[in-house]
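Keeping the supplied structure of chain A fixed, place chains B, C and D upon it in accordance with the hints.
Number of protein chains: 4
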Amino acid sequence: MKEVGIGVIGAGRIGKLHGDNLCRSVAGARVEAAAEINLNDEHRAWAEKNGIKKIYKDPAEIWKDPKIDAVFICSSTDTHADFIMEAAAAGKHIFCEKPIHTDVKKIKEALAAVEKAGVKLQVGFVRRFDHNHKKVHDAVASGILGSPHVVRITSRDPEGPPLSYIAVSGGIFMDMTIHDFDMARYLSCSEVAEVSAYGAVLIDQDYRQYGDVDTAAVMLKFENGALGLIDNSRAAHYGYDQRTEVHCAKGCVQAANDLVDASVISTAEGVVCEKPMWFFLERYNAAFISEARVFVDAVRNDAVPPVGGKDGLEAVYIAMAAARSLKENRPVKLSEVRQ
Amino acid sequence: MKEVGIGVIGAGRIGKLHGDNLCRSVAGARVEAAAEINLNDEHRAWAEKNGIKKIYKDPAEIWKDPKIDAVFICSSTDTHADFIMEAAAAGKHIFCEKPIHTDVKKIKEALAAVEKAGVKLQVGFVRRFDHNHKKVHDAVASGILGSPHVVRITSRDPEGPPLSYIAVSGGIFMDMTIHDFDMARYLSCSEVAEVSAYGAVLIDQDYRQYGDVDTAAVMLKFENGALGLIDNSRAAHYGYDQRTEVHCAKGCVQAANDLVDASVISTAEGVVCEKPMWFFLERYNAAFISEARVFVDAVRNDAVPPVGGKDGLEAVYIAMAAARSLKENRPVKLSEVRQ
Amino acid sequence: MKEVGIGVIGAGRIGKLHGDNLCRSVAGARVEAAAEINLNDEHRAWAEKNGIKKIYKDPAEIWKDPKIDAVFICSSTDTHADFIMEAAAAGKHIFCEKPIHTDVKKIKEALAAVEKAGVKLQVGFVRRFDHNHKKVHDAVASGILGSPHVVRITSRDPEGPPLSYIAVSGGIFMDMTIHDFDMARYLSCSEVAEVSAYGAVLIDQDYRQYGDVDTAAVMLKFENGALGLIDNSRAAHYGYDQRTEVHCAKGCVQAANDLVDASVISTAEGVVCEKPMWFFLERYNAAFISEARVFVDAVRNDAVPPVGGKDGLEAVYIAMAAARSLKENRPVKLSEVRQ
Amino acid sequence: MKEVGIGVIGAGRIGKLHGDNLCRSVAGARVEAAAEINLNDEHRAWAEKNGIKKIYKDPAEIWKDPKIDAVFICSSTDTHADFIMEAAAAGKHIFCEKPIHTDVKKIKEALAAVEKAGVKLQVGFVRRFDHNHKKVHDAVASGILGSPHVVRITSRDPEGPPLSYIAVSGGIFMDMTIHDFDMARYLSCSEVAEVSAYGAVLIDQDYRQYGDVDTAAVMLKFENGALGLIDNSRAAHYGYDQRTEVHCAKGCVQAANDLVDASVISTAEGVVCEKPMWFFLERYNAAFISEARVFVDAVRNDAVPPVGGKDGLEAVYIAMAAARSLKENRPVKLSEVRQ
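Sequences listed follow chains A, B, C and D, in order.
Heads up, the first sequence is in our numbering, so the first residue is 188 and it goes up one at a time.
Heads up, the second sequence is in our numbering, so the first residue is 188 and it goes up one at a time.
Heads up, the third sequence is in our numbering, so the first residue is 188 and it goes up one at a time.
Heads up, the fourth sequence is in our numbering, so the first residue is 188 and it goes up one at a time.
Bound-form chain A, shown alone:
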């Protein structure tokens, strides 16, 4: 089967991560070129080390390269929608890092372009590919536990981002809980029908000036009747806490955290185990490789990527509904926000 020629747009941290994985760990992928708007010698050295022959400043070089079948869009969020449209116009299949965009109108424009061009689009909701969360999903999807009743998701970052980030993040639901909204759809195998959100500023009072909260609780009603509960905290301090659970008709499947190691030290003072892994990239290392493999396989086999534009859009809708629910202190139906 033919290899997939790939162009990586954006050679920042995530772009280099995807590039490295594509070069080393994804069969059938051949990274033809990369593009980085702030191209410098460090980027060139990275490309050379990986055997990536061409690296440009301008992504236009990527769109017009006939050897490139698909692109990985890893540039800043505000460029995602436009690059999706340009890539689609050039007939390239697309893997786009999340989020597609924060503006629904822009997202729909991009999705329409993808539809029109008949190219594939996969969105980088990487947690779906994690061994733990995928296990929870598969157990539910297989039906062995019966229909889902209650979905529980806890998601806490070890430390909060800088205030300058919070100032422009779009709020906790659009920036942080959005991953859990996608996870909730994934685990429940259903769409969300209604959202009720509570929030509080408990960690850092500076969040108030941005009209944001650092701690949130969200309840969901799914279309299949199940209920969901999500809690987020911007700063857990003990690690990156990501636990998922689905309680079903015949039992319950839970995923605990991956810990730094499996040691236990027992003394008169107490029994100490390791903390959950701290770094997102480290915690989801295997999942990043997995999602890239799944995308490349979808291109090679002309299959539908398992997480696409609709998933990206729905997560944004749920985030919008949650923000409205928090603001107006009432449940908000998805039908209110869908356009």
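I should point out that these hints are in silico values taken from the structure, not numbers from a laboratory.
Keep in mind the model is a prediction, meaning the values are calculated, not measured.
Check the hints yourself; a few may be wrong.
As the list claims (entries may be wrong) - Only pairs whose alpha carbons sit at most 25 Å apart, straight line, appear in this in silico SDA-like list of lysine to any residue:
no. : chain 1 : residue 1 : chain 2 : residue 2
1   : C       : Lys-236   : B       : Gly-215
2   : D       : Lys-236   : A       : Trp-233
3   : D       : Lys-203   : A       : Ala-232
4   : D       : Lys-514   : C       : Val-388
5   : D       : Lys-203   : A       : Ala-473
6   : B       : Lys-240   : C       : Ala-214
7   : D       : Lys-241   : A       : Trp-233
8   : D       : Lys-285   : D       : Lys-437
9   : A       : Lys-437   : B       : Asp-344
10  : D       : Lys-437   : D       : Ser-334
11  : C       : Lys-437   : B       : Gly-215
12  : C       : Lys-236   : B       : Arg-517
13  : B       : Lys-321   : A       : Thr-454
14  : C       : Lys-514   : D       : Asn-411
15  : C       : Lys-437   : D       : Leu-350
16  : D       : Lys-292   : D       : Gly-278
17  : A       : Lys-236   : D       : Lys-189
18  : A       : Lys-514   : A       : Asp-391
19  : D       : Lys-254   : A       : Arg-231
20  : D       : Lys-437   : C       : Val-388
Claimed, not checked - Chain A regions said to be covered by chain D (calculated; three or more residues, Cβ under 8 Å):
no. : region
21  : 188 to 199
22  : 318 to 332
23  : 443 to 457
Note that CB positions come from ideal geometry on N, CA and C, so glycine has one too.
Chains B, C and D only, in chain A's frame:
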């Protein structure tokens, strides 16, 4: 220090449990008498085996016995408020099984009588005395983790009660979640300010005819700013699932389930551990003893029982707010329901 | 079915424990009398509280009481063999706390008396009745894991006994490892054929003056071909560590420790869980009740007690072989020490 | 700091693993060339993909390449000692996969050559670099737990190798337990003074024809007074079971297995978790990268590699002592076998 003479009202399952514990495991307690409305030879044999010299049909014998300093009210729920009032009028200290009553007016009447008589009242919210949940509470209350941010409670029964019970239970919030509402106040060290509730009939469609649900999710806002999430299921099938957690400013304290045993069996087919304990009385065996000891000590030392009338009343208020929230599909403030 | 009239010999800590359990938790048992050589008012009060009508100084009163069908021998070790013989001569069934005796000749004398009288004898190897260790045994005995290959036992006390105790204990193998030798026979479902023992004084150099060690490692060859490894420490400091495991042809069954509670506290400093339970009587509380029930049932149903004189004797033989192995630094076959 | 030019000898499974890691994950390493005796197009394609410019049939090309500072010897075991000597003679630092050789005379010859040439030698005892086992070691080495008392190691392969392999493996102690002998020295921070070994054929009777066993138990006396217990099984069936533990004066540090994932599925039938990881290369993936980094850093910083020729030799001595102990059914001192 003087022993506390005790009269046990009601010699059903819970009454015998309390009686046994008081006779065998509670220092300073002397069970003087018991009263059981359906008095028969089985009750008499039980009393004799325990060295309880007097057992009556009529609780009036208990009220007038000068050797009795305190009573354990373990009779049917509809008698609790009246017995509290009679005991108070007789100057007896009172341990009353939950709930005090389902009617707020009646509860307040009873509490007023207790106040007037100046006797002590402890309510049987036994889970507070469990080694796991108490550990969570104590970690929060000690302040070592900083202020509470998020309280999570999962509470699932192994199997649902008979439909005949559901018909008169008062609904999931008054019958089942009420324990979790008390636990939420206990763990957060705060009052609840607002409630948002979702419910669904997912296990047994017969619940609909009683206007009840078998699966519920509840979000709480606490007066101290913390948020809470509770989920209940009437039938987990894998055991009695009771997990609590409080995420605080400096970390998180969680309590897992007590399992049937600590075995692990590994084969090519998989790795199998034991299920959570199945039976409520078995799971909370030590807690029942502990709450009785705490009550008797409070009487002996003229201390305030740690869980009393106010706690019983507040839990009912929260249950009422939750029921209204579910019915009207909106958040409900406690100020709406408090009388 | 008739109740079993019971006489408890020795009202020290263990005697009172057995007496309490028999009075409260063992159906079909009726404690008729107790005997305590240092009889005082505290013992009398204990007897009265439990409804035990007769308490004597002299066990002879027990032997001659026609209402007593069985006795629980809980007196000091040096009296066990003689009391077994007296009880057997009086036609009483016997539950005897471990060890039967430290002298093989004496043990065999007692066992012969039991055989001759045709009474039942159960030895108090209580750990066999523990929910964890019994689970390991049952998994092996059921055959679902195939034949046993490797038995692993770790047994560490939280703190060592006083030196005055060590002076007369008979050495680590006869005093401490003997429980693990019985456990090894129980879990492997086989006799031990050979023993290799290592020992060291690592905790308290004072052990040397008594020719004893405080740390030991023992390897076993079982008659069924399986191998065994036991390690003991007189002072773990973090609790009472009792882990068992059997690796079999088709998989492995392990028992972890029962912890003080199921809490987990996570902070930036680390993740802390509870320690194993500290106190032997607390840790094996349920097992003590279970072994008494099993004995009483054996008497009522004329069944063979599951752990009897032979088990007591074999454990002593293995301890003797281990002591010889340590002393002579060589493997020792059980055939060398059996008489 | 200068990069280390590296030559990889042997491009089989392990050679390619080391090569991949050196090219992708080890800073300061530059794989100049590789040599593979059965050189074919697959090897050439692998080299090209990794940006390894030169690949030869004959390792002599590696010895004479001035750009190569160090070699990774990943060829068949029987070539290790000779290649070490050739590399040393050529002044190359050496990373050699275990074992150095099975013949002590040959090993000492190679170590003498390394000493004479003044080059560095690191032996591939990869488990020392595993996050779990390293944690156990570091906790002991730090002294926070006091001196080590008991070292416990369980090591079971998921399935046994083909009989053709067993025929020439050198026996369980030289082929399998040798890793645990190195781990025992590593964890105890001490040399082994004496060995007692038991073995049995329990899994596959065909092992008898080769004079080998498939199940083994070994006790160790360390020079620092600690005791050790190792158990091995050629076929656990439930995964690759690698547990280590050191009980010390002030407490105990244990390492459990890394599992396939952190899921738990609870139903009426039971509670199921995942098995330990199955594949050696997968389980120790990070450790392989770590050991390569440590070696390259040692070369760059002119430091002593943490596991070298002496460690390789000592492990062989202990294996020889264990084999003699099993054969002659007696304890064997290391002083008997050291040459």
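Here is how each hint holds up against the structure:
{"no.": "1", "hint": "Lys-236/C x Gly-215/B", "result": "holds (13 Å)"}
{"no.": "2", "hint": "Lys-236/D x Trp-233/A", "result": "holds (15 Å)"}
{"no.": "3", "hint": "Lys-203/D x Ala-232/A", "result": "holds (24 Å)"}
{"no.": "4", "hint": "Lys-514/D x Val-388/C", "result": "violated (29 Å)"}
{"no.": "5", "hint": "Lys-203/D x Ala-473/A", "result": "holds (20 Å)"}
{"no.": "6", "hint": "Lys-240/B x Ala-214/C", "result": "holds (22 Å)"}
{"no.": "7", "hint": "Lys-241/D x Trp-233/A", "result": "holds (21 Å)"}
{"no.": "8", "hint": "Lys-285/D x Lys-437/D", "result": "violated (34 Å)"}
{"no.": "9", "hint": "Lys-437/A x Asp-344/B", "result": "holds (13 Å)"}
{"no.": "10", "hint": "Lys-437/D x Ser-334/D", "result": "holds (8 Å)"}
{"no.": "11", "hint": "Lys-437/C x Gly-215/B", "result": "violated (54 Å)"}
{"no.": "12", "hint": "Lys-236/C x Arg-517/B", "result": "violated (57 Å)"}
{"no.": "13", "hint": "Lys-321/B x Thr-454/A", "result": "holds (23 Å)"}
{"no.": "14", "hint": "Lys-514/C x Asn-411/D", "result": "holds (20 Å)"}
{"no.": "15", "hint": "Lys-437/C x Leu-350/D", "result": "holds (20 Å)"}
{"no.": "16", "hint": "Lys-292/D x Gly-278/D", "result": "holds (22 Å)"}
{"no.": "17", "hint": "Lys-236/A x Lys-189/D", "result": "holds (17 Å)"}
{"no.": "18", "hint": "Lys-514/A x Asp-391/A", "result": "holds (19 Å)"}
{"no.": "19", "hint": "Lys-254/D x Arg-231/A", "result": "holds (24 Å)"}
{"no.": "20", "hint": "Lys-437/D x Val-388/C", "result": "holds (15 Å)"}
{"no.": "21", "hint": "188 to 199", "result": "violated (count 0)"}
{"no.": "22", "hint": "318 to 332", "result": "holds (count 6)"}
{"no.": "23", "hint": "443 to 457", "result": "holds (count 12)"}
When each numbered hint is compared with the structure, violations occur for hints 4, 8, 11, 12, 21.
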